[in-house]
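Q: Generate coordinates for the entire structure from the input sequences, incorporating the hints supplied.
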Amino acid sequence: NATSSCWSTFGLPAEIIDETTNAFKIIDGFASCKVCFTTFGFRSDSNGTGTKNLTDHNCSKKDSNQPTLHEAIEEKVVSDSHRTELVDSIAN
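Quick note on numbering: the sequence shown equals residues 286 to 377 in our numbering.
By construction, these hints were calculated from the structure, which means they are not laboratory data.
Worth double-checking, as some hints may not be accurate.
Unchecked claim - Label-pair distances were calculated between CB atoms; the ranges are:
1) Ile311 to Gly335: 31 to 39 Å
2) Ile301 to Lys337: 26 to 34 Å
3) Ile311 to Ser345: 21 to 29 Å
4) Asp373 to Gly314: 24 to 32 Å
5) Thr323 to Thr288: 45 to 53 Å
We treat Cβ as the ideally placed atom computed from N, Cα and C, and that holds for glycine.
A: This is how it looks when you write it as structure tokens:
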């Protein structure tokens, strides 16, 4: 199977099923733009929509200064760890 170039821009959306462990489950049948979060129906079998609607997506936020999903998550993780470090240093 060939891999479409659209997967550098799209990912599979997921729902958190356990917040304490951050366990998640991928939502079957959909793909979401990592930049603008637009979600499309997607099926990889021969009866599905394939990647045509994904490759045709013109992301309105792609060229803006808006951070990508991965950048936003990375920023939050760094911020949370830094905050924890500060709280620990103040408490001790």
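Q: Evaluate each hint against the coordinates.
A: Here's how the hints hold up against the structure:
1. Ile311 to Gly335: 31 to 39 Å: 18 Å, violated
2. Ile301 to Lys337: 26 to 34 Å: Holds, at about 30 Å.
3. Ile311 to Ser345: 21 to 29 Å: Since Ile311 and Ser345 have Cβ atoms about 26 Å apart, the given range 21 to 29 Å holds.
4. Asp373 to Gly314: 24 to 32 Å: 43 Å, violated
5. Thr323 to Thr288: 45 to 53 Å: 21 Å, violated
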